[in-house]
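Student: So in the working numbering, the last spot in the sequence shown is 671, and the numbers never skip.
Just so you know, these hints were derived from the structure itself, not from any lab.
It is possible that some hints are incorrect.
[Claimed, not checked] With a Cα cut of at most 30 Å, we get these calculated DSS-like pairs of lysine-lysine:
| no. | residue 1 | residue 2 |
| --- | --- | --- |
| 1 | Lys564 | Lys518 |
| 2 | Lys542 | Lys564 |
| 3 | Lys639 | Lys542 |
| 4 | Lys453 | Lys564 |
| 5 | Lys519 | Lys564 |
| 6 | Lys639 | Lys518 |
| 7 | Lys518 | Lys408 |
| 8 | Lys453 | Lys639 |
| 9 | Lys449 | Lys408 |
| 10 | Lys564 | Lys408 |
| 11 | Lys566 | Lys519 |
| 12 | Lys518 | Lys542 |
| 13 | Lys453 | Lys518 |
| 14 | Lys519 | Lys542 |
| 15 | Lys639 | Lys449 |
| 16 | Lys566 | Lys542 |
| 17 | Lys449 | Lys518 |
| 18 | Lys566 | Lys639 |
| 19 | Lys519 | Lys408 |
| 20 | Lys639 | Lys519 |
| 21 | Lys453 | Lys408 |
| 22 | Lys566 | Lys408 |
| 23 | Lys453 | Lys542 |
[To be verified] The calculated label-pair distances, taken between Cβ atoms and stated as ranges, are:
| no. | residue 1 | residue 2 | range |
| --- | --- | --- | --- |
| 24 | Thr532 | Val629 | 44 to 50 Å |
| 25 | Thr532 | Arg567 | 40 to 46 Å |
| 26 | His505 | Leu483 | 48 to 54 Å |
| 27 | Lys564 | Cys625 | 36 to 42 Å |
| 28 | Ser528 | Tyr626 | 36 to 42 Å |
| 29 | Asp462 | Leu483 | 32 to 38 Å |
Backbone N, C-alpha and C define an ideal beta-carbon position, used for all residues, glycine too.
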Amino acid sequence: MASVKTGLISPPEEAKCVCGTRWSLKAISFHSDVKGRLITLSDGGRRVTRDESSFCHGLTFSGRAVKTEEKLRLRVERSDGDWHGALRLGFAHVSPEQTPLPPLAIPDLTNSPLYAAVIVPEHICRPGSEIEFMLKKNGSVRIRSSDGRTHTEQTTLNPKWPVWAMIDVYGQTTAVTMLGSKMKRWVFTSRSCPALTHIRHTEDKETQERKKQMSMLEQRNLRNHHLDSTDHEAPACEECVVCYSNVANCRLSCGHKCVCTPCAMRVHMMFGTCPLCRQPLGSFHPYDH
383 MASVKTGLIS PPEEAKCVCG TRWSLKAISF HSDVKGRLIT LSDGGRRVTR
433 DESSFCHGLT FSGRAVKTEE KLRLRVERSD GDWHGALRLG FAHVSPEQTP
483 LPPLAIPDLT NSPLYAAVIV PEHICRPGSE IEFMLKKNGS VRIRSSDGRT
533 HTEQTTLNPK WPVWAMIDVY GQTTAVTMLG SKMKRWVFTS RSCPALTHIR
583 HTEDKETQER KKQMSMLEQR NLRNHHLDST DHEAPACEEC VVCYSNVANC
633 RLSCGHKCVC TPCAMRVHMM FGTCPLCRQP LGSFHPYDH
């Protein structure tokens with residue numbers, strides 16, 4: 383086992399946090415390079431789909447190492463009733479790049495103590511179902527279904543070693559989306575940071591309405607404000623031009639001082655352009671009045 387700790391376990395560089403929040407978890411998606419031969423990725427690496435010609439060859443992994451008791455959330459998008467069995471969820475101590483890709487997680491990989499997976503019942507893997515799973519501090523894997531029911535299974539995994547999530551898109555389950563992750567800390571809950579390439583594919587009604595409002599604000603502001611190319615310092619706004627409730631206390635990379643800190647983060651993640659001049663955003667900084 384000593385060789386495992388020094389040779390096989392080598393976490394790759396994790397995705398950078400784009401929201402700038404200190405306690406956010408890193409953005410999480412499926413590993414883009416290591417996947418079963420019938421797996422295809424879409425939605426910026428957040429959705430995996432297995433070809434329905436077979437019930438196996440659907441092994442996938444998280445694109446980064448996950449933390450102990452970090453709860454990963456999945457949504458089943460599609461299933462094929464012609465096959466028996468469904469999703470298998472678990473964790474691996476061996477990085478995806480060094481993991482062989484057999485047809486099945488169980489038993490092909492779980493014969494080794496460095497891998498563990500749980501069979502998810504078919505009745506909680508219907509399209510639209512959301513499933514949460516994590517590696518607990520005692521080394522057990524726990525899954526939780528949309529209706530709140532949980533199942534815990536003890537494993538041989540060492541919670542002190544790095545682990546990657548292992549998702550076998552098996553049997554009836556043919557498409558799964560990674561919704562993100564969360565982790566309970568002392569008095570608050572950290573959530574995974576959304577990657578910029580993922581925003582367009584996870585829009586709920588609230589997000590769509592916000593984008594519509596932003597578009598209207600952009601059109602109005604473009605009519606009322608013009609960035610003079612000869613000026614080195616763009617004019618400041620007293621009020622945030624997005625929410626119209628907070629003081630505009632952030633300077634965008636284009637020079638405009640027109641948004642509050644929360645709206646600057648949302649604009650940076652969702653649009654990537656200044657709401658006044660539409661120049662691409664590189665960074666934003668709070669400033670003192």
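Student: Give a verdict on every hint.
Tutor: Against the structure, the hints come out as follows:
no.	hint	verdict
1	Lys564 to Lys518	holds (13 Å)
2	Lys542 to Lys564	holds (19 Å)
3	Lys639 to Lys542	violated (45 Å)
4	Lys453 to Lys564	holds (5 Å)
5	Lys519 to Lys564	holds (15 Å)
6	Lys639 to Lys518	violated (45 Å)
7	Lys518 to Lys408	holds (19 Å)
8	Lys453 to Lys639	violated (38 Å)
9	Lys449 to Lys408	holds (10 Å)
10	Lys564 to Lys408	holds (10 Å)
11	Lys566 to Lys519	holds (13 Å)
12	Lys518 to Lys542	holds (10 Å)
13	Lys453 to Lys518	holds (9 Å)
14	Lys519 to Lys542	holds (8 Å)
15	Lys639 to Lys449	violated (38 Å)
16	Lys566 to Lys542	holds (17 Å)
17	Lys449 to Lys518	holds (9 Å)
18	Lys566 to Lys639	violated (35 Å)
19	Lys519 to Lys408	holds (20 Å)
20	Lys639 to Lys519	violated (46 Å)
21	Lys453 to Lys408	holds (13 Å)
22	Lys566 to Lys408	holds (15 Å)
23	Lys453 to Lys542	holds (16 Å)
24	Thr532 to Val629: 44 to 50 Å	holds (45 Å)
25	Thr532 to Arg567: 40 to 46 Å	violated (21 Å)
26	His505 to Leu483: 48 to 54 Å	violated (29 Å)
27	Lys564 to Cys625: 36 to 42 Å	violated (25 Å)
28	Ser528 to Tyr626: 36 to 42 Å	holds (37 Å)
29	Asp462 to Leu483: 32 to 38 Å	violated (21 Å)
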